[in-house]
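With the hints as constraints, model all of the structure from the sequences given.
Protein chains: 6
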Amino acid sequence: MGETTTTKQHHQPLSGNDMPRFGGITTMMRLPLIPDPSELDAGFIGVPLDIGTSNRSGTRFGPRQIRNESVMVRPYNLATRAAPFDSLTVADLGDVATNPYSLERAVDSIEAHFDRIAQADCRPVAMGGDHTLTLPILRAMAKRYGPVAFVHVDAHADMNDLMFGERISHGSQFRRATEEGLFDNRSVVQIGLRGSGYHADDLDWARKQGFWVVPAERCWHRSLEPLMEEIRKRLAGKPVYLSFDIDSLDPAFGPGTGAVEPGGLSLIQALEIIRGLRGLDIVGCDLVEVAPMYDTSGNTALIAANLLFEMLCVLPGVAYREAPAPSTFRSDLPEEWT
Amino acid sequence: MGETTTTKQHHQPLSGNDMPRFGGITTMMRLPLIPDPSELDAGFIGVPLDIGTSNRSGTRFGPRQIRNESVMVRPYNLATRAAPFDSLTVADLGDVATNPYSLERAVDSIEAHFDRIAQADCRPVAMGGDHTLTLPILRAMAKRYGPVAFVHVDAHADMNDLMFGERISHGSQFRRATEEGLFDNRSVVQIGLRGSGYHADDLDWARKQGFWVVPAERCWHRSLEPLMEEIRKRLAGKPVYLSFDIDSLDPAFGPGTGAVEPGGLSLIQALEIIRGLRGLDIVGCDLVEVAPMYDTSGNTALIAANLLFEMLCVLPGVAYREAPAPSTFRSDLPEEWT
Amino acid sequence: MGETTTTKQHHQPLSGNDMPRFGGITTMMRLPLIPDPSELDAGFIGVPLDIGTSNRSGTRFGPRQIRNESVMVRPYNLATRAAPFDSLTVADLGDVATNPYSLERAVDSIEAHFDRIAQADCRPVAMGGDHTLTLPILRAMAKRYGPVAFVHVDAHADMNDLMFGERISHGSQFRRATEEGLFDNRSVVQIGLRGSGYHADDLDWARKQGFWVVPAERCWHRSLEPLMEEIRKRLAGKPVYLSFDIDSLDPAFGPGTGAVEPGGLSLIQALEIIRGLRGLDIVGCDLVEVAPMYDTSGNTALIAANLLFEMLCVLPGVAYREAPAPSTFRSDLPEEWT
Amino acid sequence: MGETTTTKQHHQPLSGNDMPRFGGITTMMRLPLIPDPSELDAGFIGVPLDIGTSNRSGTRFGPRQIRNESVMVRPYNLATRAAPFDSLTVADLGDVATNPYSLERAVDSIEAHFDRIAQADCRPVAMGGDHTLTLPILRAMAKRYGPVAFVHVDAHADMNDLMFGERISHGSQFRRATEEGLFDNRSVVQIGLRGSGYHADDLDWARKQGFWVVPAERCWHRSLEPLMEEIRKRLAGKPVYLSFDIDSLDPAFGPGTGAVEPGGLSLIQALEIIRGLRGLDIVGCDLVEVAPMYDTSGNTALIAANLLFEMLCVLPGVAYREAPAPSTFRSDLPEEWT
Amino acid sequence: MGETTTTKQHHQPLSGNDMPRFGGITTMMRLPLIPDPSELDAGFIGVPLDIGTSNRSGTRFGPRQIRNESVMVRPYNLATRAAPFDSLTVADLGDVATNPYSLERAVDSIEAHFDRIAQADCRPVAMGGDHTLTLPILRAMAKRYGPVAFVHVDAHADMNDLMFGERISHGSQFRRATEEGLFDNRSVVQIGLRGSGYHADDLDWARKQGFWVVPAERCWHRSLEPLMEEIRKRLAGKPVYLSFDIDSLDPAFGPGTGAVEPGGLSLIQALEIIRGLRGLDIVGCDLVEVAPMYDTSGNTALIAANLLFEMLCVLPGVAYREAPAPSTFRSDLPEEWT
Amino acid sequence: MGETTTTKQHHQPLSGNDMPRFGGITTMMRLPLIPDPSELDAGFIGVPLDIGTSNRSGTRFGPRQIRNESVMVRPYNLATRAAPFDSLTVADLGDVATNPYSLERAVDSIEAHFDRIAQADCRPVAMGGDHTLTLPILRAMAKRYGPVAFVHVDAHADMNDLMFGERISHGSQFRRATEEGLFDNRSVVQIGLRGSGYHADDLDWARKQGFWVVPAERCWHRSLEPLMEEIRKRLAGKPVYLSFDIDSLDPAFGPGTGAVEPGGLSLIQALEIIRGLRGLDIVGCDLVEVAPMYDTSGNTALIAANLLFEMLCVLPGVAYREAPAPSTFRSDLPEEWT
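Same order as they appear, the protein sequences are chains A, B, C, D, E and F.
Using UniProt numbering, you'd call the opening residue of the first sequence number 1 and step up by one each time.
Using UniProt numbering, you'd call the opening residue of the second sequence number 1 and step up by one each time.
Using UniProt numbering, you'd call the opening residue of the third sequence number 1 and step up by one each time.
Using UniProt numbering, you'd call the opening residue of the fourth sequence number 1 and step up by one each time.
Using UniProt numbering, you'd call the opening residue of the fifth sequence number 1 and step up by one each time.
Using UniProt numbering, you'd call the opening residue of the sixth sequence number 1 and step up by one each time.
Examples of chain A residues lying across from chain F (beta carbon under 7 Å, computed):
1. Met19
2. Pro20
3. Phe22
4. Gly23
5. Gly24
6. Ile25
7. Leu33
8. Pro48
9. Phe61
10. Asp95
11. Ala97
12. Pro100
Only pairs whose alpha carbons sit at most 25 Å apart, straight line, appear in this in silico SDA-like list of lysine to any residue:
13. Lys208/D to Arg81/C
14. Lys208/E to Pro326/A
15. Lys233/D to Ser327/C
16. Lys233/B to Pro326/E
17. Lys233/C to Asn185/C
18. Lys233/A to Arg222/A
19. Lys208/C to Glu335/F
For the record, the hints were derived by calculation from the structure and aren't laboratory data.
For clarity, every value in this text was computed on a predicted model and none was experimentally measured.
Where is the CB? At the ideal position from N, CA and C, for every residue including glycine.
In structure tokens:
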């Protein structure tokens, strides 16, 4: 960290060979801290927030723990050969200064913060923080890009009208977004919904808006690659925003969060979803609801850091390194396994 | 909680909009506490017990932690459209006052307690507590219903003859139940057995009684819906008791328990099993072996609370809400995903 | 728990000989749950709140964990021979339904809730929750009793003017209370203040109001009994409110809280303070800032439950049992040790 | 560990220079495992037991965790210059095979086990395990030595008549011991009693037997050396048994236990008590109620291991190394500090 | 434990009916501790080491925690009917005395230690400890057996050239092994590789050596039995060494380790891999990278203990007990489920 | 954080009113990160190191956790009225890039790093990390200032000759420093030594060098202010280095460390020691041995951050704000309490 810069350059994460991974100031992926989005193609940004949560609090420490654990993420994607730092200028933008005592004012400052990012043509990769934070981001996105296509991975629809009488919370923010016209409704897909609810129409209301609703049960025992192919077809050419709630995962795979529901996605499916977005025009994305106090090993934060890196790897403009010719390999393992 | 009642009515869980989920006295699912089973169609009941455990103790706090985490479970089942509180009178029956120092006397008081419940035609949904507790419940069930069909989901057969020279423990209780004739032997199925044991006949003894034994290995890489179809055929029309040991799950999915064994069921399969019992005459059920001290996030207890709610959802007489006509949906997602 | 009552009676905690301490529904000290204050002389009441916290959240679960651990507290005070349930009608009043998303509205509902209690002449013993909650309680107290004498045990003065631009938070609530005239300024004492601050006048502002400020350093290496004697003299005959922030304790003694500061009070001193209030007209009291996620053993909550019981033991009207004549003892230990 | 021996020799703990402290099989203090007491002057012995506990379980793992953490204890006592392995033959005797399901039978096997030790003139240093275990040890001691003088350090008197209707538990064992005449009543001292209780006579009953009762309050803000001088006078020449319940400590100093009570002893006072017994004829001793699941850092077990070593250091026959002549020191620090 | 022996005999784990599982000294699987490999066909051996780790430390306590949790593993394999203690002489060999301050000297002492084991024709089953430890074991293996076939299950290739400028670490040890000619390169298979890396050729370098590289992605959504069939064909008749890094598992299945990567193997696949090696000439094996401080429940260590037992079950010479004739079963469950 | 600077200025910690304490990049006390010591009067610097530890590892994460928790420390010292940022230029210097695999090379790079700091006349306030790190710092100090006076607060003398045969480790570093002549021997004081050891001369060797050795026992039940007065007299005018091992504290007060010993200092005494150094010419200082994995609440790190701030407050040149005239106070509390 440390050095600041005024001209665009391809920043590299600080190497584990220059500073041990357990040392140094913890920015996201050990990138430089550059608060000015105009210098960047994309930037990681923390939104420390938990006063929109209905039960377990603690997500206010999510960005910090994700950064702490992100020291293990290296700059190259072995599976997809993506090398985002070869072609994009990326840094850690720091955190939004969220009001700890007023959700309304916190939401406003998030919107203002992302307005600046969006207007600078920097693509935000946001780290939460409770899911309320996606509403002000979507407002900023819609101002810059118009109504967006929306890929929403979550255990919950977050489509309640009111929560404890309030219009804004981490369970109602997408009802508000829909009402405010922030979505291209025919290009909204919700993946992983499940569990218990209040009303028979908890999922049906969304379907009536034209959203694609993929309950978790539809994802059981299968690869999501075919689903992602459908989604890519539908969303091609549109500005796409991805919001990934870590509780979309089965609690086995992402225990450190507030509202776990059994029967969710696996990490394999999470990777299939994010990698399956490659080729779309992703204008922003987030990963939310990491609650460190329920994550004693730090692994949920470390998984989150990896998923955020995978998001970076599918942003437009990312370079992919070429694979060597298989003929250079002396291995004769059957192809299905290599 | 709070209000008591003397005439049957359909109690509803206290809503998260009336009292925040982190507030209030924690009964199971925030239902009223009604110790009298004669007022109820079904009731949750805690059996705080761990003096039948052979290794890790702590399940005595299982019922309390399940109740604490159950505040997140809402009254409607999004996947199956079950709405148990629409048609059944359900409450929290409180706990059995188990003797902390004498397993024999604890077992006797459990039997007496469940006798009262069974004789009142209230269907118990029991929360454990170590698995010894199922023996006295089965005794009460058999007195009321005759030998029962038995669905036993577990990593272990619990069919040892003696443990440390004792006839009753959480590893031998089903040998006793078999000897006492509490089972309809041709209608017993054990799912998820695995791991290491003492004798080559640990599983074979059960098979010789006519039990269906489904080792965990047979469940690998597949849906259990076909198995449940077989089971429904076999058990139809009989009084069925379900005993679900949380250690049937692979440790990834239910870490907070005492005797974990790798290679177990997933939460998806657990949901398939419980949902697959719909239509049978379930006269009682339990979920056992939640050990909070090994469950630092509380997630195992929260999962347990959800599985207990799923059990409630398949009791006889539960109402299911109708799905809206698909024509009211504007979504065109391929059907396999909706 | 469970039974409700309409005439005053001396409720007793459920005995550990009737229900093991690890069993049963967890009300405070296993008292009956009676939401109506008009039936009670004093009542424990939970205020689940953490959206007034400036750093670590999680105190919203404070009341629940205090209740869970309070099962160990027995009804008789061995040291002081207080037997509060012999002479007072006491129960658990339940929780205030605090708005999870709006601190302003949460504060208002707390005030309304304590208005009802104060007007019913029930003395509240409140369990928090972040320290913001004392402001609305003080408002209710002042409406009923006029400006109150105030014993404030805390690491922090909580006298900031604004926090993040807001007037109400857990760091500024007593500046507001002072401005609103809720205190009898010459009868305010703050004990245990210490640590780092923003301004040289952090403690001096209070002194200028006439408050007695006792920094932690003045309490080092000594008994606080002489201090309490001074305080009893000053406060005699006035309505007194006691607010005990668990972070007044040195972190060794109360680790499960948000804003620990080294060099604080010991538990011995905490007991000296509370026991030293005996004889004053305590109209209400609270213990705040228990944060269960930082209290992995549950001990901070258990300590809090004991301190709350000690508060109950010094309320006006509590009966004290007589000591037997020393002549009945066959022991001859030097008196200083008995 | 490993080597066994048939002739008495002065075993030494395995050095941290031969095997790193984090390596090797964990016997107590890394001594040899020698199950035969006839080879030893004194022996550490584990009593894994928690089915006598009234609330939190888990002390069954106490001996194991004490052994694990005891790897840090080195063979020489810097403060007292005791070098127990210079003059005594000491080893780890292993564990009593306690019945996990029957407290009665566990108690019987403990008694039989300690009979063998006592009859072999080996002095046991027992590691618990819940406090019930001291009753059968006292029975074995009384058979060998007659009624014993008894130093009982504890937060609780453990003098209840019945617990949940049972005569034997970790709250009633010393009522039984008194009734059975195992004590020299005029030589019993109980130190550290405090907290809440059931009856006004919880402490007075003991006083009526002639026991010296030293409530915790009498120990506040002072050294216990003068008390120990009184005790040494009273107990001189008698067979003395020491039972140290870790919950005698204030929860700050021994958090990993089941029944914490605020206002207890400090570790400094614990050391003063044990060191203050030097010169008495200690025939056996124990440290009980270490509950590892409430001891996330392992420190309570490590403290327990140190206290057990301090007990070993005051057994009769221990060698003390000479201090060098102060003249060999070049230091001129005022004597009160050296 | 305890007894030592000079002639080969088939040791049995101490039964849970003779000593409760929570009692006794914790050797691996409660086998005798026998440091002399010449008495054994196979032996468990701990290698406490973490100074080769690049990020999270703590694996130095891996062997101890594996032993502690191994008390739950019983001597018979229910799934495969393997009964290793019927035909092999197996014990716990204790730990290597690894230098805590010098990785070079620790590596040398590990090599010397395994030289003795290999030369005694005892097959080591090693418990780690960070993965650096496999390099000195491979050196000892190659001296005894020549270049070995190598089954490497891991998230990481561990094929870096230098780490922080050093040639030996837990990320570069197999580059060294390759350079030193310890492998039969055409018989090396690496399973489970994934995540982020430094260079495009992180996996390709291995392929160029002729290694079979099976990325985790190739293992998704499928059984590994067909892969193991390929591997058995390729490796038949050769001396095989198995190295299993617990981080090969998806973090859901083995959370207690240092370098977790999402999208890994399941425990089911881990069992398929180890069981799939049956019939090969396994000359040694290890399980590494268990880090207890990240394993709050102890479950990762317990899983590790089970996998180590499964390794024992596929060593050459293990007896398998016969299954009873299905005709003796009265069960009629469809065969696919039995 | 973020901005860098080339001219000396008085940096202020980022205020909690500008960024909530749970947000933002975590430098020490939220100061700017300025790696160049020539710009600073004093600087905090992390030394992530644990490969010098003899038992528990994990101190490599000490600096990171101290920084994380330091967000709570505010810029003004309420007790002493020190305002270090009014008069000194202070920042976070970042971490030393310590070799994770070679203690020798790590030690060398620490020395080189502190050489640069010392030569720039910047006073280092170091955060560890295991105690080995003080040796290379002392080497750098001695090069710049000559042999230093040394205040060593610790449970252990760290004066062993060899540990596991090695000359450098966290138990032998001060034997080396003595041999190398880094100390002004007549001005060395060691406070808090206690516990068990290997040899009778563990403390006597130091005394023979002329060191002042203050065993923990001498500190029991008393204020250390008189001791500090003696020390100030002895050390006046000399260059002083302070090394504070967190394990000097009793485990109650600093549980998150590796080598806890009962009977240590309280936090009150720790504050007395550090504040008692005011007026001396402190040329550098450190706080070491914070091990986050044993500090589940984070409180030990937070305490460490406070103690480091207290060290900053006694550096030469710190400004102290004036107290208002007592006449401006309307309080009449007896002076001994104000």
